[in-house]
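> Please build the complete structure, drawing on both the sequences and the hints.
Residue numbers (our numbering), protein chains in the order written: chain Y, 1 to 350; chain B, 1 to 350; chain C, 1 to 350; chain W, 1 to 350.
Calculated directly from the structure, the hints in this document are not laboratory data. Treat the hints with care, as some may be off.
When chains are identical, the list treats them as one kind, so a pair holds in a single copy or across two.
Below 25 Å or equal to it, Euclidean Cα-Cα: the simulated DSS-like pairs (lysine-lysine) are [stated by the list, open to error]: (1) Lys195 / Lys43; (2) Lys282 / Lys152; (3) Lys282 / Lys224; (4) Lys126 / Lys339; (5) Lys153 / Lys317; (6) Lys224 / Lys195; (7) Lys161 / Lys280; (8) Lys282 / Lys161; (9) Lys224 / Lys339; (10) Lys339 / Lys43; (11) Lys223 / Lys164; (12) Lys126 / Lys282; (13) Lys164 / Lys339; (14) Lys224 / Lys164.
Protein chains: 4
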Amino acid sequence: MIRFNSDYTEGAHPLILERMMETNMEQTPGYGEDIYCEQAAEKIRELCKAEDAYVQFLVGGTQTNTTVIASALRPYQGVIAADTGHINVHETGAIEAAGHKVIALPSTDGKISAIQIEDYITGHYKDEAHEHIVQPGMVYISNPTEYGTIYKKHELEAISKVCKKHGVYLFLDGARLGYGLACRENDLDLPHLAKYCDVFYIGGTKVGALFGEAVVIMNDALKKDFRYNIKQRGGMLAKGRLLGIQFLTLFEDNLYFQISAHAAMLADRLRESLEELGVKFKMDSPTNQIFPILPDALLQELEKDYAYSYDSRIDEKNSAVRFCTSWATKAEDVESLIKRIEELYNNLAI
Amino acid sequence: MIRFNSDYTEGAHPLILERMMETNMEQTPGYGEDIYCEQAAEKIRELCKAEDAYVQFLVGGTQTNTTVIASALRPYQGVIAADTGHINVHETGAIEAAGHKVIALPSTDGKISAIQIEDYITGHYKDEAHEHIVQPGMVYISNPTEYGTIYKKHELEAISKVCKKHGVYLFLDGARLGYGLACRENDLDLPHLAKYCDVFYIGGTKVGALFGEAVVIMNDALKKDFRYNIKQRGGMLAKGRLLGIQFLTLFEDNLYFQISAHAAMLADRLRESLEELGVKFKMDSPTNQIFPILPDALLQELEKDYAYSYDSRIDEKNSAVRFCTSWATKAEDVESLIKRIEELYNNLAI
Amino acid sequence: MIRFNSDYTEGAHPLILERMMETNMEQTPGYGEDIYCEQAAEKIRELCKAEDAYVQFLVGGTQTNTTVIASALRPYQGVIAADTGHINVHETGAIEAAGHKVIALPSTDGKISAIQIEDYITGHYKDEAHEHIVQPGMVYISNPTEYGTIYKKHELEAISKVCKKHGVYLFLDGARLGYGLACRENDLDLPHLAKYCDVFYIGGTKVGALFGEAVVIMNDALKKDFRYNIKQRGGMLAKGRLLGIQFLTLFEDNLYFQISAHAAMLADRLRESLEELGVKFKMDSPTNQIFPILPDALLQELEKDYAYSYDSRIDEKNSAVRFCTSWATKAEDVESLIKRIEELYNNLAI
Amino acid sequence: MIRFNSDYTEGAHPLILERMMETNMEQTPGYGEDIYCEQAAEKIRELCKAEDAYVQFLVGGTQTNTTVIASALRPYQGVIAADTGHINVHETGAIEAAGHKVIALPSTDGKISAIQIEDYITGHYKDEAHEHIVQPGMVYISNPTEYGTIYKKHELEAISKVCKKHGVYLFLDGARLGYGLACRENDLDLPHLAKYCDVFYIGGTKVGALFGEAVVIMNDALKKDFRYNIKQRGGMLAKGRLLGIQFLTLFEDNLYFQISAHAAMLADRLRESLEELGVKFKMDSPTNQIFPILPDALLQELEKDYAYSYDSRIDEKNSAVRFCTSWATKAEDVESLIKRIEELYNNLAI
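What follows is the structure, given as structure tokens:
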């Protein structure tokens, strides 16, 4: 079985494990106050061209989303997100468990627009009963989104403008950030994120690390006492250096960007091959997640050897599914997948 | 200015104030453990034909919804509701502040159906990632709904069946219950509610009382320790007898049903008069809230003397608005409103 | 049975019920945005000599404490209180349910001191692991305390100074405020509270009203969006004018202070009579709650006709109990209580 | 600088890193549903002699404590703990952030007794106002405690009995469990824990793993839907196999017990050497944490080369400090520490 069902089926990039081995018996202070975390944070500040960025490392995504959102909002505030957003769908109500409503705006491609956001916010304050309604206090976007789509620079800039105008924080979930920045359609870079967002994070779990998300806080109001929040929400790793070491390895020689590009290239290869076959896609996603629409009969055969994740039924005989590539995907596995789909596709056609 | 904008613009039915006066200097235990609460609870049990009903009195609706829902759910569970439901829209995130997601199902008339509910629940458990998604633990419906519509007996029965089948509680918000039970289309009564719901409440605030909601718990699992929850959520009134006295007055001689019928009759009168004029309605609501679509030009004049509440824009020149009658509405005020609308309507027509 | 076990056994001062009767059929906007609330707030601002005070009315004490504290604190902050404080003991964990630790400081008389508070706060920041410990964000004191004791002006001033110095809010729970201000040892008045506290409340429930607490916010940071918090925590009464009418009646002709003085005078009478008998007290409380130590044998007889509340065992044969007077207590009832205790006391002595 | 200030200053036992290397490029399902987690769980069930134990792996302690406690309690319930307990002191209010009061019982050595617990519980229900007080729903103990002390079998059995009798869950925090089970005074083993506790965990972070805590749930009521709770509280590691691999390595050949014994032996060596010198101890702790009382003058010199953690001032010239050994401590480092303390001690004596 070769797995394309998710982008976190393997361990970590070998260089990371190597570095962990080398440093294993060193004694360091705990809780992210070690030299590796310091160096990794400094490296990230450099790459963001943001000296005043406050960088902290957490273990996983749900935890990071909850910690950032709960640390920013007042109790009566909610967070605006696409209805498909991870925090609205796949975190078992973690945001609500921290007391906050996710204000879900409709989305078909995982994205929300500056106009949608502004309409919602101005609508809120126009409503006479607005004190009876959750106040929007933050906007959450993910880039790439859960559907593999990305925000273009002008879109992010527009959202940022609306947020600033209305005193609402902008938070970008970058769990798959590398795969977004590395894709061909992308025109964003880290300094843009640092400029437009109040806070964002750079995902490690899905991009080469064993685990770990690097939170970059730009807005001073969100920096104060942030570590209390990390500890309270269970995100402060005792042996914090494990996070520092991983992010240092990922960023000191551009490893993060190289391995992301590898995944993007293989996704392109797969996408183009399917297009050539005449396959349609549910989503026009330029990153490492692709959503082809395939005949159920084909999928039934395919899944004997290749794992994908099921997305949704399209019609009686066809379904949208998801294939992911990652830093760990082997080119030959992509080729064998393509070949197998071609075979099955052509057989069905007969 | 005559107000039709809400059904809680006046104080209480005079008999209630009278009874408060009479009993004012009596000394009673606090927190709802007095003889009046006991008698009112007994009266409600009789009317529900449910000896084992556990009855508790709370002050207001938000508090009651929060207390009931938070006392029933596990932390990872959410409550299914119409997207128009009060708990989803107009309680400033009180349910989320207690840690729970409101799982909003689409609704155009304030109602949700047994089929919608069952589809959602079975869909949840079919999803491989269901542990990553809030688990449905309760269904919340309001009767009448926020749009003045009501559930028929067969609809409530069907919802109840689905809930029992899937081990999900059914909670009915009866903030305006009297106005529902008293309307012509209704075929439900209190014993039906006691039979089909795990818990429901009989609203006093909007139906003749100064304030107060009588919670009726049928499911034993929800009875245990419920008073701890009331206290924690701030709903345990120190001078609890004020609630007992009010509900006793409302229920001992059918006052509750009489004054509800009064409001329903006046709403019918207003609805029929508008229909005769040719007015259309946004919502086919048979209770004390009616939602006519009126020309903006008319409304602009009307609002000089009559308060209504604005609902939504229908087209460039027309809006849906809401008029409420209540136990306190005077027949002559309804007549003068009708007359005024007729005048304005006919003038515009010219 | 004559009840001295609590100070909320009766309804409301008759003038309040009268005013409710008079205004009963008036139509007003809901949720505290009516003219009576406006006038009552203005009256309170005048009495506090604080034009910029922001005044809001809530229904009950638990609700008020939760709303004020939750609206002020960040998620990782806690509220310092005496270990005997109402929020630490008698609110079924309402503060914790809102996410915050009550940081309990030891107290024998219901009070905490500026020195205790400062030691705790400075100790917190000195601790290397302070990010692992709840950060003190607010100080909660009650005046009078749960043990009937009061803060003197110099004590309140000192606490206020410490709070300001360390950026911690000062919140005074005045559920029984009238009985404190009216007692002979008191040297505080409303303008002092407005000067020294960031927020405090004037209790109505225990001092002449049916229910209601008037929150006075002095610190601008706590005023913003406070009404969202009230709504979310279930404290926004639909017929808000009931609160306005009550507080207006209590404050427009000094009724609040007169009825408080009545209770204080009767408490003095009872206290002095017991002292003359040679009775000792657990607590040196100058307000409407007194805590005599009485023989169990006496109490067993006394409770046939007079209700008191049990406090604690002192030794094998004696217990401390609590008697409360209130605005509603009749002088003749106090005299009959005194007479009965004298009889029993003298009999036992034989 | 040689660090004795904590027991998590190094990485992981080399065998664990080796195993991670070996399995690094395997593809597995995420979220703890892989074969390694399954095998590790099975191994733990065997060692506990408890086929029906439900085993789940979480990343860290705060997270584990919060998840277990929040999943077990009703909203109005609290958890009884020693006032020195980790959840009461060093988790930045994580338990309260999940809505629950920590009911702190006084303790001088980190332990609480069956009698203390029973007195508290029976006292709660005897109190007439018990609905106004947080209900005890769980007992939390740590073994070893935060002060290195341990529970003996008869103590744990007695606590378990009290808990069962009163329908209160018993939860044992075993963050340092290995060091407890391996110490000379211990008479407990894993099957005892499985027998007496409703839920407990076996700590990996401090005993040889990079991170990870293995939760063992014995009470069926706590097993249902536990994984929803893990996900919601942010404790479900995407690459869950990292936890499985670590615990499998620790338990398949008794590595966990061997490395724990190593730490215990070195702690004994250090303790005995200090005793011989005449040093007194704040705490009679038989495990890997020892709390000698040393002259400040000595400590000032010592800390130039050896890190310890400061506990508390004993008198003007002496302080209690903490030294930890661990699986990673080298015997020669302990010897050099002993030698250095002896030198300094003898010098001071002159």
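> Now, for every hint given, state plainly whether the structure supports it.
Each hint tested on the structure:
1. Lys195 / Lys43: Cα proximity of lysine 195 and lysine 43: one copy only (17 Å, versus 49 Å across).
2. Lys282 / Lys152: Result: close within a single copy only, 20 Å intra versus 40 Å inter.
3. Lys282 / Lys224: neither (43 Å within a copy, 36 Å between copies)
4. Lys126 / Lys339: neither (57 Å within a copy, 31 Å between copies)
5. Lys153 / Lys317: neither (38 Å within a copy, 39 Å between copies)
6. Lys224 / Lys195: Cα proximity of lysine 224 and lysine 195: one copy only (19 Å, versus 28 Å across).
7. Lys161 / Lys280: Neither: 35 Å inside a chain and 42 Å across chains, both beyond 25 Å.
8. Lys282 / Lys161: Answer is neither; intra-copy 31 Å and inter-copy 37 Å both fail.
9. Lys224 / Lys339: Neither way: lysine 224 and lysine 339 sit 54 Å apart in one copy and 44 Å across, limit 25 Å.
10. Lys339 / Lys43: Answer is neither; intra-copy 42 Å and inter-copy 42 Å both fail.
11. Lys223 / Lys164: So lysine 223 and lysine 164 pass the 25 Å test inside a copy (17 Å) and across (22 Å) alike.
12. Lys126 / Lys282: Between copies only: 22 Å across chains, 37 Å inside a chain, cut-off 25 Å.
13. Lys164 / Lys339: neither (50 Å within a copy, 50 Å between copies)
14. Lys224 / Lys164: Both: 19 Å inside a copy, 19 Å across copies.
Comparing the model with each numbered hint stated earlier shows that hints 3, 4, 5, 7, 8, 9, 10 and 13 do not hold.
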